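*Asks:* Protein chains in written order, with this note's numbering: chain A, 1 to 364; chain B, 1 to 329.
Simulated from the structure, these hints should not be mistaken for laboratory data.
One should not assume that every hint holds.
Straight-line Cα separation of at most 27 Å, DSSO-like style, residue types lysine-lysine; simulated pairs [claimed, not checked]:
#: 1; chain 1: A; residue 1: LYS201; chain 2: A; residue 2: LYS189
#: 2; chain 1: B; residue 1: LYS209; chain 2: A; residue 2: LYS321
#: 3; chain 1: A; residue 1: LYS321; chain 2: B; residue 2: LYS207
These numbers come from a predicted model, not from an experiment.
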Amino acid sequence: MRITYPHMGNLYIVIRALLTSLGLELVLPPPTSNRTVELGVRYAPEFACFPLKLNLGNFLEARELGADTILMAGGVGPCRFGYYAQVQREILEDLGIKMEMVVLEPPDTNWGELKDKIRYLLGDRSWWELVKAIRFAWYKARAVDLVEERVLYLRPRVVQPLELENKYREILHRIDEAPDKRELDRIVKNFFNFSQRLPRKSGSFLRAGLVGEIFTVLEPFANYDLERRLGLLGVEVTRSIFLSGWINEHLFRGLLRVKGTKHAKKLAAPYLNSFVGGHGRETVGSTVDFARQDYDGVIQVAPFTCMPEIVAHSVLPAVTKDYGIPTLTFYLDEQSGEAGIQTRLEAFVDLMAARRERMRKENR
Amino acid sequence: MDLVLGIDVGSVSTNLILLDLAGEPYLTPLYLRTQGRPIAVLQQGLALLEEQLSSGDRICGVGTTGSARFLAGVLTGADIIKNEITAHAVAALRIVPDARTILEIGGQDSKIIILRDGIVVDFAMNTVCAAGTGSFLDQQAFRLNLSIEEFGALALEAANPVRIAGRCTVFAESDMIHKQQMGHALPDIIAGLCEALVRNYLNNVGKGKEVLPPVVFQGGVAANFGMRAAFEKVLKTEIIIPPYYNVMGAYGAALLAREYVKEKGQTNFRGFQVANLQYQPWSFECKGCSNRCEIIEIREGKQVLARWGDRCGRWGTSVGEAEEVKSIS
Ligand code: SF4
Numbered sequence: 001m002r003i004t005y006p007h008m009g010n011l012y013i014v015i016r017a018l019l020t021s022l023g024l025e026l027v028l029p030p031p032t033s034n035r036t037v038e039l040g041v042r043y044a045p046e047f048a049c050f051p052l053k054l055n056l057g058n059f060l061e062a063r064e065l066g067a068d069t070i071l072m073a074g075g076v077g078p079c080r081f082g083y084y085a086q087v088q089r090e091i092l093e094d095l096g097i098k099m100e101m102v103v104l105e106p107p108d109t110n111w112g113e114l115k116d117k118i119r120y121l122l123g124d125r126s127w128w129e130l131v132k133a134i135r136f137a138w139y140k141a142r143a144v145d146l147v148e149e150r151v152l153y154l155r156p157r158v159v160q161p162l163e164l165e166n167k168y169r170e171i172l173h174r175i176d177e178a179p180d181k182r183e184l185d186r187i188v189k190n191f192f193n194f195s196q197r198l199p200r201k202s203g204s205f206l207r208a209g210l211v212g213e214i215f216t217v218l219e220p221f222a223n224y225d226l227e228r229r230l231g232l233l234g235v236e237v238t239r240s241i242f243l244s245g246w247i248n249e250h251l252f253r254g255l256l257r258v259k260g261t262k263h264a265k266k267l268a269a270p271y272l273n274s275f276v277g278g279h280g281r282e283t284v285g286s287t288v289d290f291a292r293q294d295y296d297g298v299i300q301v302a303p304f305t306c307m308p309e310i311v312a313h314s315v316l317p318a319v320t321k322d323y324g325i326p327t328l329t330f331y332l333d334e335q336s337g338e339a340g341i342q343t344r345l346e347a348f349v350d351l352m353a354a355r356r357e358r359m360r361k362e363n364r
Numbered sequence: 001m002d003l004v005l006g007i008d009v010g011s012v013s014t015n016l017i018l019l020d021l022a023g024e025p026y027l028t029p030l031y032l033r034t035q036g037r038p039i040a041v042l043q044q045g046l047a048l049l050e051e052q053l054s055s056g057d058r059i060c061g062v063g064t065t066g067s068a069r070f071l072a073g074v075l076t077g078a079d080i081i082k083n084e085i086t087a088h089a090v091a092a093l094r095i096v097p098d099a100r101t102i103l104e105i106g107g108q109d110s111k112i113i114i115l116r117d118g119i120v121v122d123f124a125m126n127t128v129c130a131a132g133t134g135s136f137l138d139q140q141a142f143r144l145n146l147s148i149e150e151f152g153a154l155a156l157e158a159a160n161p162v163r164i165a166g167r168c169t170v171f172a173e174s175d176m177i178h179k180q181q182m183g184h185a186l187p188d189i190i191a192g193l194c195e196a197l198v199r200n201y202l203n204n205v206g207k208g209k210e211v212l213p214p215v216v217f218q219g220g221v222a223a224n225f226g227m228r229a230a231f232e233k234v235l236k237t238e239i240i241i242p243p244y245y246n247v248m249g250a251y252g253a254a255l256l257a258r259e260y261v262k263e264k265g266q267t268n269f270r271g272f273q274v275a276n277l278q279y280q281p282w283s284f285e286c287k288g289c290s291n292r293c294e295i296i297e298i299r300e301g302k303q304v305l306a307r308w309g310d311r312c313g314r315w316g317t318s319v320g321e322a323e324e325v326k327s328i329s
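Next up, chain A with everything else stripped away, as it sits in the complex:
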């Protein structure tokens, strides 16, 4: 069994830790690239969401490297994500590609089925080994998130952006390779020390919240490197979703103390009271959350035609009206023009800066 799974930002590091510590053999797809898009777009239905196309491209590229089994997440609720795995399986079958697809549904719905699937993957390894592997993967997720949060903070501030990006890439690589928790702690500490020494610009910086559908938030390829673009324009970005938060909520049932989306769900009322699938409710709630913390603006990202996010989008003007926080929405797919994205980002940054300037004057 040679397992592969789709990319979503730095998720690969976490899953790799999980699978390899169980002794499973895995074939990581090459990083998502234009070629991935080309492959995915060629075989997926035109109006499928962008993540489905990228996943498919990942699978095809992993297949070329010898993968024979796909590990894919499933989902429940009104969002189309629940069908992804099935649709992808059909497409691969039609292409005459034989790959086994193991679909893991979130355990909040059906423990029994999940157990069988995991048993299948585990072979004759014990449940205790699984627990240990999960714990290790969890540490990696935390390490990645701590570093990413730091990078988001630093990007607008450093004098030499390239130096930071290079270090960031190196650190990710080292986290990926780290054999145990001690090493992980050392790497993270090392990075924080390094970041203290980086020459910085002075002054105050705009702060923007990033909300939306999880894949487009976490995968820089899908969101056209939005975070980095904003950083270069002098904006500190705060994500509403981090990997560890998501894992904690879905796998550990929110037992650990990391920031999750529970809070955001509550804040979504009175604007949006029901589950609309995906992260629609969290998008609204997080926007309220950012507004309350005096952020300068909120940017929402979602795949083109993403239903839960369209619902959220249509609610955001009400939040803007109550809190006065500006929002900007990007629907992304393979046809999004880079120039248009850059232009709108720059204009939004001007807008946030003008607003802050005015508030400063009013408060005097």
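Could you slot chain B with the ligand onto chain A? The hints should help.
*Replies:* Positioned in the frame of chain A, the structure of chain B with the ligand alone reads:
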């Protein structure tokens, strides 16, 4: 006279405008077709301007905007490089200081900008539909063998505008042909088409935005009487068309450059000789990582003026200030 230069290089048109230090236009603004050759057309525009200047005239500030703003900025040595949304807003506010809505429809792009108390509070740009409204109107006028002026004027003669399907220009065109074949009068069809385009713009670009007067309508399409009348009919308010409606981006860029000069007191302008230099833009694929970015490079002789297209910042970046772009060689 001391002047500031504003340049807007878009995909359809390239515009240049000169302002005096009071912010008043000097000479007639240039409106040129980009024709897919932004560098050559920009050089041509600079040469045309230079010819008209008198010996005492001096450029003491340059601003660029438009989708090729970085390219134009690097070539001319711009003091400020601004996105077209901000540039358009700055220009409109100069002419209508209490404007609360700006409708902007050019050849390829459409945008709506919402202002309150003189600052931009919201905006939207066309994504898929309502694209190319200007080009589409040109094309329809051509198909009917009318000049674009005649085309717009005919709309005003309509007695009963017919309803044209306006989801996008593809649907609009086929429906228009259908209505023609059914024998509707041309003015009614043209007026109907303008209304369809306006509906489409308001539904797609202006969706969810609160359009309050004063409303300023700018961009090349503002010249079309039919479109203006259709907006007035749908929005039930007077529409203001500024005098330099089709070069407002360049105008805004010039106003921003003027502010910059006031503060800094000097310019990076590389001079009109830029018009005579040879530039070789070319591109290559970076194999540094799996992204395989297409890097575009502009050279002047042996010297690399700028590179962009990379995702990682390795080759210099299209985001950021002009100076950052220039420092990479
Ligand atoms: S420019 Fe940077 S991101 Fe693009 S292919 Fe080269 S190394 Fe990779």
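*Asks:* Which of the numbered hints are not met once you compare them with the structure shown?
*Replies:* Failing hints: none at all.
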